[in-house]
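> Kindly produce the complete structure, drawing on both the sequences and the hints.
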Amino acid sequence: MTRTAIRLAALTFAGTLLSHLPLAQAAGLVVEPVRSSQEGQRYQADGVVEAVRQSVISAQISGAIVQLPVKAGDAVKAGQVLVRIDARAANQEASASRAQVDAARAALQVASKDFERQKQLFTKNYISQAQLDRAESQYQSASAQANAQLAQAAAVQTQSGFYTLTAPYSGLLSDVPITMGDMAMPGRPLMTVYDPSAMRVSVTVPQEKAAQLATGQTVRVAVTGLPEAQRWISATKVTVLPAADAATHTVQVRLDLPASLPGLTPGMFARASLPVNAPLNTREAARLFVPAKAVFRRAELYAVYVVNAQGKPLLRQVRPGAVNGGEQEILSGVVAGEQVATDPLAAAAVSAGK
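Residue numbers for the sequence shown follow numbering that gives the first Met the number 0, beginning at 0 and rising by one.
Think of the hints as simulated: they come from the structure by calculation, not from any bench. Each hint should be verified, as a subset may be incorrect.
Straight-line Cα separation of at most 30 Å, DSSO-like style, residue types lysine-lysine; simulated pairs [what the hints assert, rightly or not]:
1) 208 / 292
2) 236 / 208
3) 112 / 123
4) 76 / 208
5) 292 / 236
6) 292 / 311
This is the structure:
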């Protein structure tokens, strides 16, 4: 037998084998079974990512900004200088206050010595009681004056510290709406700093749903701004605030996220899948789930490709429910155990014979 004949025979044999393989397997389609579950219901709540520690840095005094060594997006350390405000007038006041303290101490020293001298003279009957009382009064007045000057100097010194603003903790600057030369005013926000190592998601839920929240179950949070592989996060702690909004009748729920997750910033949109204690009716069927990427939309219809026993993908209309992690609940259209293609585009090509 020639080499050409051998090759033709091998190709014919391989083609015969492939013809007996199911279409899906021959095309390399990835399929997964429809999963059945008796788990409780979940409530989908929209919310935002926020920092556990976030502070707005504001001025307590007025003055021109003379030093601004940071900008939005910078990482800062606890105690790092963020803003310096013109403190020349405050420094002059502090110098004057220190001089007044020195003068008050000198006057107190003179009054103290005079009082001691007058007491010695009184014991020898050289002066009257009235003269001794007058010396004591002058000493007490000088002492009070010195204490007042010391207190005023301490207040001036404390106020001098208001002209230099430092970071309260290590974190990131999310907003710096000021520039050099701007006028700082009491209460005016100068910048915002937050700690990226501790983040959470805050959602609002109806008060009746808050009362049904199940304990001891995993709460999954989807942050759409993250890459798909990192989008779903399991909350480490769930806190239901003990107060309801009187206008909307909703309750705020805080979901703590694992520490130091990359890519999270305050204000990002998030969606939480909250387990609720609303058990399924015993007559109801188990809940069905398929991979979320297996579901696609055509116009107003949702569908999946179900792979039959012969390995052929067949288009099947479905009614979708809520998304839970990487899975999509299917309310109708499939049965447990059926195989669905995880890539609808590839399945469509196989179904069309391409």
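> Take the hints in turn and mark each one as holding or not.
Against the structure, the hints:
1. 208 / 292: holds (29 Å)
2. 236 / 208: Within the cut-off at roughly 18 Å; holds.
3. 112 / 123: Measuring from Cα to Cα gives roughly 17 Å; hence the hint holds.
4. 76 / 208: violated (41 Å)
5. 292 / 236: At roughly 28 Å apart (the allowed maximum being 30 Å), residue 236 and residue 292 satisfy the hint.
6. 292 / 311: holds (19 Å)
Going down the numbered hints, you'll see the structure goes against just number 4.
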